[in-house]
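Chemist: Take a look at the letters that make up each chain.
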Amino acid sequence: MTQDEVTPLLSVRNVQKSYGAIVGCTKVGFDLYPGEVMGIVGESGSGKTTLLNCLSGHLTPDQGQVIFDTRADGPRDTVAMSEPERRMLARTDWAFVHQHARDGLRMNVSAGGNVGERLMAVGARHYGDIRDKATDWLERVEIDTARIDDRPSTFSGGMQQRLQIARNLVTGPRLVFMDEPTGGLDVSVQARLLDLLRGLVRDMGLSAVIVTHDLAVVRLLADRLMVMKDGNVVETGLTDQVLDDPQAAYTQLLVSSVLQV
Amino acid sequence: MTEYNFAYLDEQTKRMIRRAILKGLAIPGYQVPFASREMPMPYGWGTGGVQISAATLTPEDTFKVIDQGADDTTNAVSIRKFFEHTANVATTTKTAEATVIQTRHRIPEDPLTDEQILVYQVPIPEPLRFLEPRETETRKMHALEDYGLMHVKLYEDISRHGHIATAYAYPVRIEERYVMDPSPTPKFDNPKMEMAAIQLFGAGREQRIYALPPYTKVVSLDFEDHPFDPSKAPHPCALCNAEDAYLDEVITDDEGARMFVCSDTDYCEARREAGHVGKDAI
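For the record, the sequence lines run as chains A and B. The opening position of the first sequence corresponds to residue 1 in our numbering, with each subsequent residue numbered one higher. The opening position of the second sequence corresponds to residue 1 in our numbering, with each subsequent residue numbered one higher.
Hint data in this document are derived by calculation from the structure and do not stem from the laboratory. There's no promise every hint is true.
[Said to hold, decoys possible] Simulated DEER-style distance windows between Cβ atoms:
1) B:E243 with A:R192: 58 to 64 angstroms
2) A:L259 with B:F130: 54 to 60 angstroms
3) B:D10 with A:G128: 55 to 61 angstroms
4) A:R202 with B:I124: 46 to 52 angstroms
5) A:E43 with B:I124: 23 to 29 angstroms
6) A:L238 with B:R177: 46 to 52 angstroms
7) B:F130 with A:R192: 46 to 52 angstroms
In this text, a Cβ means the ideal position worked out from N, Cα and C, and glycines have one as well.
Work out the full structure: start from the sequences and follow the hints.
Modeler: So this is what it looks like as structure tokens:
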């Protein structure tokens, strides 16, 4: 089967978002196919988080389309959807992993409650079932199940991030947005988290859009790469192609700026 | 008495409150914002309930006030006197004789009729408030029926205590639409809310009014494997021997002796007059 016969899970067309006179991101377009992981890299202020927020419905783009292949009705523009429909997508087929776990978790609710929230939001009303699923997911993200009733505020940074991932993936989403998922974690914890993410993405056949400034993260996780600078896309291509043979001047600078140990 | 307009508030204010009440009745469980007035009592003492009562009372009404079920507590006595003074309405302590009943924390034990109005004093009208502090966000959640969070609270209860430990202000869903705080009444009273009387809820400090028309469907939230349980203390009333009434636990000396008595004083007195005797009745 060639790619022409497969409907893209997410089609982004000419997305643009400005903050007054300041351009957040402009003329961004790409297709993301089922099972594909797309990396977006760039320096701080290059518009990658703005873009991610536009794609995930947290921000409304000034123009452009974000077409998602919904289960029920096929491809639909999420920008033109009603708010309830978009929220429904956001808690079923989509997931959003924040850079800071405390933005994506309820810190005063137990780990089990955090994982169970999305289930309850889509109508789960059996405590035993919810708890079994929460336990299962804590195991899958390597959190000791004895801590199911502890609050995330008592967890380490790496555990909080893994809990956030469990909380997002429990409803079996098809598309995951990640904003710097390894930011602020030390390298050994990063490595375990990346390992876990890679396993989950492969096992569940997830599609993902990962925003990061860490080239090592995209080399490990992403199939394709998009490089952004000042709100514009300066280069796209297969990850190893872009990283090993960068064409744009900015990408060359970015790749050569990575510290070698 | 003539120094005051009837029932203290001016007529324009009463019209404004009545409009909020009508809107509330038209959208059961929806919190209607209203321009709450300063009342001659502190916030938290029932300013919302008093404003609704003022806008609801007519000269022919008979008014009853209960606080935790009792007619003779400070708050109940002061509010009753306030309307005796400013509206010159008849007052009573008998549930069956009252046409407007203002209450804090209880629903009377005797079933109310379609001739009566029950006015609740509400401290915090937003059932989602302790889970989501932003009003902008809770309003959006109500608008979009985004109520998953409410069950997270109940989940937390079970995971911590083994059962749903919320014993008062137990959240209810109105006509399968709005989630509503029944005010801090014990959950024992929740099933009574599907009643013949009109129920009006006033939160003075928070500036919200909401309402339930007669026989509105009120469902207490729960889980399939942890169903709602309108429990009460497992005793009969020590004074009137009632088995079906909500009980207060009263400590009677320094040695830990205690007795359980009806919190609805009118109900208890009526039963004792009818000859029912509890084990500690004098």
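Chemist: Give a verdict on every hint.
Modeler: Hints and how they fare:
The hinted window of 58 to 64 angstroms between E243 of chain B and R192 of chain A holds, with their beta carbons roughly 60 angstroms apart. Look at L259 of chain A against F130 of chain B: about 47 angstroms separates their beta carbons, and that is not inside 54 to 60 angstroms. Between D10 of chain B and G128 of chain A, the C-beta spacing of about 57 angstroms keeps the proposed range 55 to 61 angstroms intact. In this structure the hint that R202 of chain A and I124 of chain B lie 46 to 52 angstroms apart at CB holds, the actual value being about 48 angstroms.
Roughly 46 angstroms separates the CB atoms of E43 of chain A and I124 of chain B, a value that falls outside the hinted 23 to 29 angstroms. Hint check: L238 of chain A to R177 of chain B, Cβ distance near 51 angstroms, so the stated range 46 to 52 angstroms holds. Checked against the hint of 46 to 52 angstroms, the pair F130 of chain B and R192 of chain A fails, with Cβ atoms roughly 35 angstroms apart.
When the structure is compared with the earlier hints, violations turn up for hints 2, 5, 7 and for no others.
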